[in-house]
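Asker: Given next are the chains, with one letter for each unit.
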Amino acid sequence: MADVKMVNLTIEGRPASVPDGTSILEAAKTVGVLIPHYCYHPGLPVAGVCRMCLVEVEKAPKLAPSCATAAAEGQVVHVHSEKALEARKGVLEMLLINHPLDCPICDQSGECELQDYTYHEGRAEGRLRDPKRFNPVEDFGGDVVYVTNRCILCTRCVRFMDDVAHEPTLTVAERGDRALIAKFEGRDLTHAWAGNVIDLCPVGALLSKDSLNKARAWELDRAASVCPNCSQGCNMIVETRDNQIVRLRPRPNDQVNEFFMCDHGRLSYRWLNRKDRVEVPLVRQAGVLASADWEIALRAAASALAGKRAFVLASPNLSNETLFLLSRLASRTGGRGAFRVPQGDEAPLPGVGDLALRRDRAANGRGAELVGFTRSDTPLSGLGAGDVLVVADEELAQLDAGDAARAGAIIVIGTTLPAWARHAAVVVLPIANCVEEEGTFTNLRGRVQRFFQAKAAPGVARPSYFVVGDLLTAMGEGAGYWTAGQAFDALAAAVPAFGGLSYDGLGMRGAMIAGAAASAGATA
Amino acid sequence: MKPGDGKPHYLCCNADESEPGTFKDREIMRWTPHALVEGCAIGAYAIGAEVAYVYIRGEYTEPIERMNAACREAYAAGILGTNAMGTGKTVHVYVHKGAGAYICGEETALMNSLEGRRGNPRIKPPFPAVAGLFGQPTTINNVETLAAVPHILVNGAEWYKKFGRPDNPKSTGTKLFSVCGNIRKPGNYEVTLGFPFKDFLYDLCGGPLPGREFRAIIPGGISVPIQTREEAENSPMDYEGFVANGTMLGSGGVIVIDDAQNLVKQIARAARFFAHESCAQCTQCREGTAWSTRILERIVAGEGSAEDLDTLLDIGENMTGKTICVLSDSCATPIASGIHKFRGDFEALIKKKTVHMVPAQVA
Numbered sequence: 001m002a003d004v005k006m007v008n009l010t011i012e013g014r015p016a017s018v019p020d021g022t023s024i025l026e027a028a029k030t031v032g033v034l035i036p037h038y039c040y041h042p043g044l045p046v047a048g049v050c051r052m053c054l055v056e057v058e059k060a061p062k063l064a065p066s067c068a069t070a071a072a073e074g075q076v077v078h079v080h081s082e083k084a085l086e087a088r089k090g091v092l093e094m095l096l097i098n099h100p101l102d103c104p105i106c107d108q109s110g111e112c113e114l115q116d117y118t119y120h121e122g123r124a125e126g127r128l129r130d131p132k133r134f135n136p137v138e139d140f141g142g143d144v145v146y147v148t149n150r151c152i153l154c155t156r157c158v159r160f161m162d163d164v165a166h167e168p169t170l171t172v173a174e175r176g177d178r179a180l181i182a183k184f185e186g187r188d189l190t191h192a193w194a195g196n197v198i199d200l201c202p203v204g205a206l207l208s209k210d211s212l213n214k215a216r217a218w219e220l221d222r223a224a225s226v227c228p229n230c231s232q233g234c235n236m237i238v239e240t241r242d243n244q245i246v247r248l249r250p251r252p253n254d255q256v257n258e259f260f261m262c263d264h265g266r267l268s269y270r271w272l273n274r275k276d277r278v279e280v281p282l283v284r285q286a287g288v289l290a291s292a293d294w295e296i297a298l299r300a301a302a303s304a305l306a307g308k309r310a311f312v313l314a315s316p317n318l319s320n321e322t323l324f325l326l327s328r329l330a331s332r333t334g335g336r337g338a339f340r341v342p343q344g345d346e347a348p349l350p351g352v353g354d355l356a357l358r359r360d361r362a363a364n365g366r367g368a369e370l371v372g373f374t375r376s377d378t379p380l381s382g383l384g385a386g387d388v389l390v391v392a393d394e395e396l397a398q399l400d401a402g403d404a405a406r407a408g409a410i411i412v413i414g415t416t417l418p419a420w421a422r423h424a425a426v427v428v429l430p431i432a433n434c435v436e437e438e439g440t441f442t443n444l445r446g447r448v449q450r451f452f453q454a455k456a457a458p459g460v461a462r463p464s465y466f467v468v469g470d471l472l473t474a475m476g477e478g479a480g481y482w483t484a485g486q487a488f489d490a491l492a493a494a495v496p497a498f499g500g501l502s503y504d505g506l507g508m509r510g511a512m513i514a515g516a517a518a519s520a521g522a523t524a
Numbered sequence: 525m526k527p528g529d530g531k532p533h534y535l536c537c538n539a540d541e542s543e544p545g546t547f548k549d550r551e552i553m554r555w556t557p558h559a560l561v562e563g564c565a566i567g568a569y570a571i572g573a574e575v576a577y578v579y580i581r582g583e584y585t586e587p588i589e590r591m592n593a594a595c596r597e598a599y600a601a602g603i604l605g606t607n608a609m610g611t612g613k614t615v616h617v618y619v620h621k622g623a624g625a626y627i628c629g630e631e632t633a634l635m636n637s638l639e640g641r642r643g644n645p646r647i648k649p650p651f652p653a654v655a656g657l658f659g660q661p662t663t664i665n666n667v668e669t670l671a672a673v674p675h676i677l678v679n680g681a682e683w684y685k686k687f688g689r690p691d692n693p694k695s696t697g698t699k700l701f702s703v704c705g706n707i708r709k710p711g712n713y714e715v716t717l718g719f720p721f722k723d724f725l726y727d728l729c730g731g732p733l734p735g736r737e738f739r740a741i742i743p744g745g746i747s748v749p750i751q752t753r754e755e756a757e758n759s760p761m762d763y764e765g766f767v768a769n770g771t772m773l774g775s776g777g778v779i780v781i782d783d784a785q786n787l788v789k790q791i792a793r794a795a796r797f798f799a800h801e802s803c804a805q806c807t808q809c810r811e812g813t814a815w816s817t818r819i820l821e822r823i824v825a826g827e828g829s830a831e832d833l834d835t836l837l838d839i840g841e842n843m844t845g846k847t848i849c850v851l852s853d854s855c856a857t858p859i860a861s862g863i864h865k866f867r868g869d870f871e872a873l874i875k876k877k878t879v880h881m882v883p884a885q886v887a
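So the protein sequences, as listed, match chains A and P.
Heads up: the first sequence begins at 1 in my numbering, then just goes up one per residue.
Heads up: the second sequence begins at 525 in my numbering, then just goes up one per residue.
Some hints here could point you the wrong way.
Claimed, not checked - Taking beta-carbon pairs under 7 Å as the criterion, some of the chain A residues facing chain P (in silico):
1. Met-94
2. Ile-97
3. Asp-130
4. Phe-134
Read the hints as simulated data drawn from the structure, not as lab findings.
No experiment lies behind these values; they were computed from the predicted model shown.
Just so you know, even glycine gets a beta-carbon here, dropped at the ideal spot from N, CA and C.
Could you build the full structure based on these sequences and the hints that come with them?
Answerer: See below:
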């Protein structure tokens, strides 16, 4: 990028140097100054309508909208000058005159930009002495409900549907203060990516029906994670309350998903909240599965595997670390491993290059292949008579019990246990699911991304890499893995594709595996 | 606009004459549509455009018919078409009927409307000369400007420049003024720029109605500051003359208000117009025009309070110079100038109130 011309300017007394064409608002971000704004969003075209980002530029006759004004050489910008503050105070008052101020019953409360900026820069009290405008709440279809009275008409939602989803659905209807967001005749927000308008809305006007009235924003615990619902690997934030996932939201990563996340990913979290979990290790004793402590269960599993060939049926929603250790387990016994990826329809987001809800509805099919598992629609076809079948997680539920009957013994390393396996398994080792442990996924383009623990695992269930590591130890190999990082570094040392990567070096944006095509996802 | 830049150029004629008190373009299109068609053809030729659009206000049914007929005649006579006037150049003039929005008279909103979008003003820069209609370099002029072109070409620039005040070489030529309100002879008048406004009002237009006196004059459509009678009587009718006397020439729509009128009611009516026509993009305009209207109408209804005037002025301050286009400023201007120059009218209404009604503060 050496050929990009840089311009130098001063913002709030701080020197900034940004590429030519950068807006003042973005330039200010680079020096740690947040210029209040509503209609501007880095993932959308500039509208310049909220007039909140007005700043004073020396020698300019009028206040400049910083989102729509390019940074220029030698500019001196005052964000918090009296003139600029006065203008923004005026905008805030205008935005509030028809706003119902029903924060106590508004889902957005606590993460509302109207609240935040009003606290920062607004008037202590309003001067409106006339009745407020009223409009009813409207169902926008999909997961979206529109609370008209709270709307500040920033048009982010309109621009998202027009310019990113390429499916014009919303528009501004009416003029003057009668204006509101409306759907086009016969259209609604059932687009696969329409849920993003909820995140884009800076106020409580567009709300998710799914998370409506479930929690206050300040009650939520948040953890950075990666969406496990397809192979795109969108970065997300898992928001929990009382150890329950309440909401999944996108986390920006311009290499993968920019600012967005599809509705399928966003709403598919109930399987991670399941209550029918295996909470303790189970060992078959006298024909009955009975709870046992970890030592006994691991020893029982090791002895079931002793001298036998293991066939590992792995879930493509397990982390790279766990899959790697499972492949070690298989190869150690001379066995093999296979996996199956559930399929669905592809749904691209056309405004962002290489971003789609992928056909592969699992996070880590690529990782499973890289560590040596075979992808197959009939994964159990490779199961030899008398092999020990090691079933690792969710795949279990979809298995044909008849195929599994060929196995000499069945060991389950899983989060749940369906009825038939209750009769068939000799050992059940309970593990955490992907929001209860940390680890990495490899997305379809080969980007290795970390996810972090968002909630506690039930009972005495342990992280999956930890359990498989312990099982390997019980079988006589190594000394277990205490952290996901240790497991990853072992993976990086053993599998060439992961060579050169280190767990700590992945950071929050991930890194590409060796030899993967230059860019993974998004525009990059 | 660069000639030969490889891009198509466009000419737009702004005939969306919607400024209250202004009706001069209507008469040009009704009575001399050929002057406008010629002006468009010459203008298009001058800027290297092959297409000119005449965007006419939707309510102007008769002018639209006249313009369409004039265009048909021009095509038949070979003045327009693929070989205009035998030059081998292509000049097309299309008449487009607006759908009745004041804001579509703003040049970039007009272009959005022509493109089939919602008539919202665009953020500038880029200006139309760089990226206008369909994103291409565009020149946009008013009907009166383009209709004057043929006459200037025929008679020469020197002829046109000799109209005007000798002491003000900046404003020359003639200007149409539409006169309405409380005056004896309303109508359209063409005067040379710099003509004394006092003579115009009292001689040409016949002065006030019997037994009345002029009180306030709005010389350029309701978007410009209101003048007191004294200010108006001192004004020469040109751009600089009006600015020197506290207002602007604007669209040339002269609205005369005499001493029998409730001035506050007139201002409230003007504000209601802007509140109705705001495109709803910018916050200050969308909310400010409506809020001002509510306060003004409350004052007219006898329920105003003393702090309302300061609130109005402060709202006006917030609405001025902070938005994409000037509709917001246009609403604030008559209100602010009205309060500054006729504060007594407002205070009388506020004092007169019989019901003390201040609802609980809710915002």
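Asker: State for each hint whether it applies.
Answerer: How the hints compare with the structure:
no. : hint    : result
1   : Met-94  : holds, 4 Å
2   : Ile-97  : holds, 5 Å
3   : Asp-130 : holds, 4 Å
4   : Phe-134 : violated, 12 Å
Going down the numbered hints, you'll see the structure goes against just number 4.
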